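Chains as they are written, first to last, in my numbering: chain V, 3 to 245; chain D, 3 to 245; chain C, 3 to 245; chain P, 317 to 587; chain L, 317 to 587; chain R, 317 to 587.
None of these hints come from the bench; they were simulated from the model. Do not rely on the hints blindly, as some may be mistaken.
As the list claims (entries may be wrong) - In silico lysine-lysine, PhoX-like type, Cα no more than 25 Å apart, as pairs: (1) K562/L / K573/L; (2) K572/L / K38/V; (3) K38/D / K561/P; (4) K66/C / K66/D; (5) K358/L / K499/L; (6) K91/V / K499/L; (7) K38/C / K562/R; (8) K499/R / K562/R; (9) K337/P / K561/P; (10) K38/C / K499/R; (11) K66/D / K66/V; (12) K561/L / K572/L; (13) K577/R / K562/R; (14) K337/P / K91/D; (15) K453/R / K91/C; (16) K499/R / K91/C; (17) K453/R / K453/L; (18) K572/R / K561/R; (19) K562/L / K499/L; (20) K38/D / K499/P; (21) K572/L / K91/V; (22) K358/R / K577/R; (23) K453/P / K577/L; (24) K499/P / K91/D; (25) K572/R / K453/P; (26) K337/L / K562/L; (27) K572/R / K358/R; (28) K453/L / K38/V; (29) K562/P / K337/P; (30) K562/P / K572/P; (31) K66/C / K66/V.
Said to hold, decoys possible - To list a few chain V residues with every Cβ distance to chain L over 12 Å, as calculated: (32) D14; (33) N15; (34) I19; (35) R28; (36) I30; (37) D41; (38) V57; (39) R77; (40) S103.
Only a predicted model underlies this, so the values are computations on that prediction, with no experimental measurement involved. Even for Gly, the Cβ is constructed at its ideal location relative to N, Cα and C.
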Amino acid sequence: MGMKADIRLIDDNGLRIDGRLPNQLRPIRMEVGVVKRADGSAYVEWGGNKIMAAVYGPREAYPKHVQDPNRAIVRARYNMASFSVDERKRPGPDRRSIELSKVISEALTSVIFVEKFPRTAIDVYIEVLQADAGTRVAGITAASLALADAGIPMRDLIVGCAAGKVDGVVVLDLNKEEDNYGEADVPMAILPRTGEIALLQMDGDMTYEELTNAMEMAMEAAREIYRMEIEALKGRYGGDVNE
Amino acid sequence: MGMKADIRLIDDNGLRIDGRLPNQLRPIRMEVGVVKRADGSAYVEWGGNKIMAAVYGPREAYPKHVQDPNRAIVRARYNMASFSVDERKRPGPDRRSIELSKVISEALTSVIFVEKFPRTAIDVYIEVLQADAGTRVAGITAASLALADAGIPMRDLIVGCAAGKVDGVVVLDLNKEEDNYGEADVPMAILPRTGEIALLQMDGDMTYEELTNAMEMAMEAAREIYRMEIEALKGRYGGDVNE
Amino acid sequence: MGMKADIRLIDDNGLRIDGRLPNQLRPIRMEVGVVKRADGSAYVEWGGNKIMAAVYGPREAYPKHVQDPNRAIVRARYNMASFSVDERKRPGPDRRSIELSKVISEALTSVIFVEKFPRTAIDVYIEVLQADAGTRVAGITAASLALADAGIPMRDLIVGCAAGKVDGVVVLDLNKEEDNYGEADVPMAILPRTGEIALLQMDGDMTYEELTNAMEMAMEAAREIYRMEIEALKGRYGGDVNE
Amino acid sequence: MSNTSKFSEGVVAESKRSYIKRLATQGMRIDGRNFDEIRPIKITTGYVPRAEGSALVELGETKVLVGVKIEPGEPFPDTPNMGIMTTNVELVPLASPTFEPGPPSEEAIELARVVDRGIRESHAIDMEKLVIEEGEKVWIVFIDMHILDYHGNLFDACGIAAIAALNNAIVPASRYGFGDDFKLPLNHYPVPVTFAKIGEWIVADPNLDEESIASARLTVTTNEEGKINAMQKGLYGTFTYDEVKKVINRSLDIGKKVRDKILGDANGEED
Amino acid sequence: MSNTSKFSEGVVAESKRSYIKRLATQGMRIDGRNFDEIRPIKITTGYVPRAEGSALVELGETKVLVGVKIEPGEPFPDTPNMGIMTTNVELVPLASPTFEPGPPSEEAIELARVVDRGIRESHAIDMEKLVIEEGEKVWIVFIDMHILDYHGNLFDACGIAAIAALNNAIVPASRYGFGDDFKLPLNHYPVPVTFAKIGEWIVADPNLDEESIASARLTVTTNEEGKINAMQKGLYGTFTYDEVKKVINRSLDIGKKVRDKILGDANGEED
Amino acid sequence: MSNTSKFSEGVVAESKRSYIKRLATQGMRIDGRNFDEIRPIKITTGYVPRAEGSALVELGETKVLVGVKIEPGEPFPDTPNMGIMTTNVELVPLASPTFEPGPPSEEAIELARVVDRGIRESHAIDMEKLVIEEGEKVWIVFIDMHILDYHGNLFDACGIAAIAALNNAIVPASRYGFGDDFKLPLNHYPVPVTFAKIGEWIVADPNLDEESIASARLTVTTNEEGKINAMQKGLYGTFTYDEVKKVINRSLDIGKKVRDKILGDANGEED
């Protein structure tokens with residue numbers, strides 16, 4: 003956040019540089035079952051983001067000392083391909099991806115009936131093949147689809163969505179330029195049926211009003227993304243997608 | 003040792019740059035029980051050194067293959083805070099701290115009744131918060147207090163003390179300038195009741211006479227430091243401090 | 003392969019820069035039993051290569067999860083000493099030595115009766131003390147001798163040998179200059195009694211005819227090296243060297 | 317990647333768990349505090365004179381030492397006219413039986429990054445004043461957080477110690493021949509406040525026992541203008557939107573009090 | 317250092333093992349192919365527009381994405397007038413239950429090095445055209461191979477995707493102020509073809525089941541001139557000399573067909 | 317951090333332990349030596365012609381190869397007019413069943429640092445003669461110690477091999493265009509001598525069996541002027557002050573003999 007730029011991010015008509023309205027999402031495409039080797043998988047294209055997620059498990063947790071006798075442990079790994087960003091990224095986890103892996107693991111745990119699978123691990127791998135701002139929320143959305151595809155029992159699908167502030171305006175789903183030159187970003191993960199918030203981060207500079215407006219905008223959009231999730235799962239399975 | 007300098011380290015009156023006599027210690031302050039989470043702990047301020055030590059154990063040694071069926075293993079870890087030195091030190095162990103951790107572990111083992119606690123580990127953590135020459139001997143002193151505070155049975159307290167050579171003069175307890183520009187340093191750890199030597203290192207350039215003078219000076223001072231240790235422990239517990 | 007140079011590697015008489023004929027080996031010297039601590043060991047001097055190999059095992063494989071209940075695992079480790087090459091090499095495995103360790107492990111496995119030693123590891127350590135082109139084939143030859151010295155039952159000794167192309171000519175056993183400025187290198191490991199090929203790599207630029215000529219040249223030379231191996235083992239044990 | 321935190325005892329006796337929850341139904345906490353009451357704060361700045369800035373912060377029994385080192389170095393290519401800051405947390409095993417030696421754990425990394433975001437996103441340090449020669453040489457501010465005794469809520473202890481140490485820091489220009497030393501220029505004073513959710517209750521500044529049984533955690537960093545600069549939700553539970561709003565509001569209040577303490581204590585004494 | 321490969325299921329049911337071998341005696345394979353028949357290839361170039369070049373290759377169900385990044389950097393001291401290339405394989409755990417997070421395994425390293433050798437030894441990239449300023453600045457070509465679904469024979473899938481991505485790559489000279497962008501100059505089109513030995517039979521492009529029970533593996537990389545540029549034998553079994561000759565010959569034939577596909581598909585679509 | 321050393325068999329049969337101690341009461345050692353007698357030393361300098369200096373040292377059955385590489389590089393900022401030396405020990409698993417592959421263990425680090433201190437503190441290498449261009453370019457001397465067969469007392473074997481290899485080393489100035497090659501300039505010849513305490517007895521140059529049951533170890537490095545340059549006490553036992561004095565005295569005597577051997581053997585042959 004907060005690099006200064008001479009770029010105007012909101013034009014005189016209140017439109018954004020990619021032509022969107024403040025509360026408009028980028029185009030999103032979802033596909034389930036893309037990794038044959040995995041127990042469940044999904045692909046999400048979200049603006050310029052291309053993200054693949056796969057689930058393995060529940061399977062015996064290894065090494066043994068990480069096993070929890072009362073429930074499954076959920077281990078998400080967020081990883082960016084070296085070529086997913088403008089300047090080549092060195093392979094392997096950096097501090098940012100370690101933090102994101104942690105908060106995504108925690109968010110996913112909140113919806114999974116982990117107590118049904120003691121001593122196991124549910125491994126969720128999120129690969130960012132092309133990055134374009136909002137990778138963590140697109141990634142958690144892909145992960146949610148992959149978990150459903152794997153038949154992991156969950157109390158709700160989970161939806162990732164971000165809002166933020168750009169040129170003083172609260173906007174939904176920041177793109178790359180808005181992320182680079184904007185004033186705040188609020189990535190969230192939401193359980194649409196109950197409105198619970200499973201992931202919440204924020205960085206930038208916002209008043210209380212701006213922040214609550216942004217959160218409400220993201221929660222509203224979550225319902226739309228939720229419908230796409232249902233659709234993507236129906237496309238594969240027909241019928242009921244919940245457990 | 004041995005960087006050349008134009009600095010005169012001993013003046014015409016035989017005094018050192020901080021005004022001490024050759025056989026005089028820097029001011030030392032000891033405090034016991036400073037880390038509430040630990041089984042035992044101590045803080046030692048020694049000249050400009052600020053050093054904290056904590057003991058955990060005896061506790062089950064992990065990983066299992068390090069367990070000794072006949073005795074406790076003593077694992078000291080000497081670590082310098084990044085900000086403890088003039089030029090920021092990268093966090094994590096370097097070769098120097100790995101070596102010091104090893105010789106301190108060995109020295110502490112020599113006083114602990116390790117055979118009383120088979121299969122366990124006694125972990126001793128020494129954190130150098132500010133470094134000012136002589137950190138290892140101050141650290142081993144703090145560790146000894148922390149072990150006593152933890153109630154670990156020992157056949158003696160252990161005392162760290164160094165002597166060396168500066169401008170051709172054998173001196174006690176080198177300070178930072180003396181360490182940088184002096185000619186030799188002899189860090190020792192001593193069991194004051196028996197005079198046994200549990201840690202002994204030396205680097206520099208000394209004749210046999212200079213070296214033995216230095217060792218005797220350090221052993222003499224060890225008795226003084228020992229009294230401070232007893233005092234610090236009494237301050238906390240009153241009464242008998244040994245086992 | 004393939005750095006361009008103004009050097010002529012084959013002279014008008016068809017001789018190489020070290021005076022050898024195209025199908026001539028460099029001088030080779032073998033010695034068995036050079037590391038007393040090991041279960042078996044050998045030293046091979048091959049041109050300017052100086053290579054030591056030692057075998058430990060069969061011994062219980064550790065960590066346990068690498069154990070194979072049906073057979074021994076063979077773990078070769080190819081390592082170059084820092085000072086073995088012109089420009090000091092950083093200690094520790096690099097990508098090249100990891101690859102070589104892998105293909106050598108696989109090649110050695112092909113001759114050892116691994117099913118006789120379930121759950122064990124046979125560790126083969128190859129140290130390149132001085133490198134002069136062809137270290138992997140000299141190393142595998144040393145490893146084979148060390149395995150025989152350790153009394154590990156094998157269905158054949160294994161012989162390493164390379165051929166390649168230099169100034170358009172197919173030649174045996176490239177030296178350092180030929181390796182640097184030549185056109186192709188084909189390292190092989192051969193079971194001389196059956197002619198089986200246990201290791202085969204190639205890099206460079208060769209026609210089918212050149213490549214098959216090179217392979218035949220290496221296989222022919224393998225019989226000569228095999229005789230040296232037998233001789234080296236006889237020198238130590240007299241009598242029969244197989245199993 | 318695990319969801320059992322290093323910041324917990326792992327297993328808390330079931331009896332203690334029920335006791336804490338039972339207390340909560342009566343609006344009480346195990347150490348006698350109200351839900352919105354934080355533990356006593358003691359700040360000792362200048363604890364490590366060898367560092368360019370430092371602060372020892374005690375938040376209840378939790379003890380954190382932050383040292384700030386400032387050294388010249390190269391700017392990033394895309395910000396040639398800005399200084400650089402880095403943050404690092406060392407969960408040294410001295411501070412807790414649950415901390416282990418080794419490279420930073422995911423807990424240490426999250427902690428460092430949350431503190432980092434609060435300082436960076438509030439533009440607390442005036443980075444443009446840390447340029448020695450544009451594009452060539454700038455001041456690098458290293459914020460190293462050393463945990464000395466862990467009894468819960470490191471986020472706030474670290475965040476408080478970091479801003480106190482920065483406020484205490486001197487840029488050592490003269491040592492490198494770049495003119496006179498000067499106080500590290502600060503524009504803002506971000507303060508993180510952390511809440512834990514225990515059952516249906518939400519408490520400020522959780523202690524170790526509370527942290528051990530909390531289902532969710534939310535840290536909100538606010539500055540002296542009442543702006544929000546950073547948030548971080550943690551653990552495997554969830555918050556409702558109303559809970560989040562309430563937490564943000566309380567963070568603004570508590571943050572203000574803590575900030576007064578930091579700025580008031582700027583010349584405090586070592587204990 | 318182990319000889320159980322990450323590229324296998326570890327334990328294949330004995331019944332499947334016998335079944336595959338029984339089929340082989342009748343000249344048949346478990347997925348209906350002939351011994352010399354490779355699986356269908358689908359190539360999508362330009363899959364990652366943010367990369368300078370990219371190709372998604374599906375070889376049967378095996379899926380590999382290669383991205384090429386091209387950045388300016390310093391040449392090696394001994395080759396001041398040449399660009400630089402590096403290759404890297406990520407066996408990301410998304411692609412197989414047998415892949416684990418962490419630094420590259422020996423399997424990943426071997427794979428990257430075999431692909432590297434094919435490209436490097438064939439002089440596929442015209443390195444002399446990648447000099448910006450001799451001895452000072454050259455283009456570095458990073459070839460990163462990301463496995464997305466592992467169903468056997470990564471050597472060929474990676475090798476095909478690498479050369480397809482290179483063929484798709486643009487040197488981003490204008491971004492760095494070094495003149496106009498230009499197509500990455502290629503001289504040759506090396507293609508690896510891999511065979512597995514199962515019992516006494518040798519099959520091209522082994523699938524996962526075949527790989528799991530193969531005793532030996534041989535990869536031969538050939539170029540459009542019919543030259544051999546790289547070979548790599550793997551696994552704990554052996555080949556006879558006749559077998560090796562036969563494999564080389566078949567690699568030349570199959571390599572040619574695959575190369576036609578790569579060059580023909582150069583402007584393919586994403587699936 | 318452990319106190320079971322890699323330099324021991326771990327468990328020595330109790331019977332052997334008693335036997336060695338029983339012998340000691342009669343002034344005898346398991347290999348027939350006197351308490352102050354070191355094992356035979358064989359030194360082969362120039363063993364690795366590709367290195368700038370090298371020495372293979374056999375101390376009894378213990379075998380160590382030291383190679384010295386000398387390359388140009390940048391001086392440290394605080395010593396612009398001095399060359400640089402680094403030492404490294406590789407306890408390669410070839411040399412002992414107790415050595416494991418991987419980064420240097422604490423044993424390897426201690427060993428390297430003790431040898432390093434002896435050479436550095438005695439100012440053995442004339443560092444001021446290793447400057448190519450003050451503040452810009454100096455010679456870096458890499459001392460790499462490769463253990464080839466481990467039968468006890470690596471401290472002395474490494475220390476002897478290191479000084480012998482340095483004494484054999486040529487600075488390769490001409491290779492880099494910095495004038496004529498010249499012999500690495502040495503001012504001093506430090507030699508470490510190590511003693512082990514077994515029960516109440518102290519023996520010089522402990523072999524593997526003795527090392528395995530020793531309670532304490534003391535290495536004293538002395539130079540040709542009779543000065544002491546380095547000491548290192550190891551293991552979990554203690555020494556009395558009288559014992560230390562005795563050890564220092566003996567080290568001076570034995571060190572002198574070993575030094576004569578090193579300087580006399582300077583042109584020895586490979587075995």
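Now for the hints, and whether the structure bears them out:
1. K562/L / K573/L: This hinted pair holds, its Cα atoms lying about 17 Å apart.
2. K572/L / K38/V: Violated, at about 29 Å.
3. K38/D / K561/P: 35 Å, violated
4. K66/C / K66/D: 13 Å, holds
5. K358/L / K499/L: 23 Å, holds
6. K91/V / K499/L: At roughly 23 Å apart (the allowed maximum being 25 Å), K499/L and K91/V satisfy the hint.
7. K38/C / K562/R: The hint is violated at about 33 Å.
8. K499/R / K562/R: At roughly 37 Å apart (the allowed maximum being 25 Å), K562/R and K499/R break the hint.
9. K337/P / K561/P: Given that 25 Å is the threshold and the Cα spacing comes to 23 Å, the pair holds.
10. K38/C / K499/R: This hinted pair is violated, its Cα atoms lying about 35 Å apart.
11. K66/D / K66/V: 13 Å, holds
12. K561/L / K572/L: 17 Å, holds
13. K577/R / K562/R: 23 Å, holds
14. K337/P / K91/D: Since the Cα atoms of K337/P and K91/D sit roughly 45 Å apart, the hinted pair is violated (cutoff 25 Å).
15. K453/R / K91/C: 20 Å, holds
16. K499/R / K91/C: 23 Å, holds
17. K453/R / K453/L: Distance of about 23 Å is within 25 Å: holds.
18. K572/R / K561/R: 17 Å, holds
19. K562/L / K499/L: 37 Å, violated
20. K38/D / K499/P: 35 Å, violated
21. K572/L / K91/V: 34 Å, violated
22. K358/R / K577/R: 9 Å, holds
23. K453/P / K577/L: 53 Å, violated
24. K499/P / K91/D: 23 Å, holds
25. K572/R / K453/P: 53 Å, violated
26. K337/L / K562/L: OK: K337/L and K562/L at ~20 Å, within 25 Å.
27. K572/R / K358/R: Distance ~16 Å between K572/R and K358/R Cα, so the pair holds.
28. K453/L / K38/V: Status violated; Cα separation ~44 Å.
29. K562/P / K337/P: At roughly 20 Å apart (the allowed maximum being 25 Å), K337/P and K562/P satisfy the hint.
30. K562/P / K572/P: Distance ~16 Å between K562/P and K572/P Cα, so the pair holds.
31. K66/C / K66/V: Satisfied, since the Cα-Cα distance of roughly 13 Å is no more than 25 Å.
32. D14: About 30 Å separates D14/V from the closest Cβ of chain L, which puts it past 12 Å; holds.
33. N15: Check passes; 28 Å lies beyond 12 Å.
34. I19: The assertion about I19/V holds, with a minimum of 18 Å to chain L.
35. R28: 15 Å, holds
36. I30: Consistent with the label, I30/V stays out of reach of chain L, its closest Cβ about 16 Å off (over 12 Å).
37. D41: 8 Å, violated
38. V57: At roughly 9 Å from the nearest Cβ of chain L, V57/V sits no farther out than 12 Å, so the non-interface label is violated.
39. R77: Label violated. Min Cβ-Cβ 9 Å, cutoff 12 Å.
40. S103: S103/V is in fact no farther than 12 Å from some Cβ atom of chain L, at 10 Å.
Taken one by one, the earlier hints fail for this structure at numbers 2, 3, 7, 8, 10, 14, 19, 20, 21, 23, 25, 28, 37, 38, 39 and 40, listed in ascending order.
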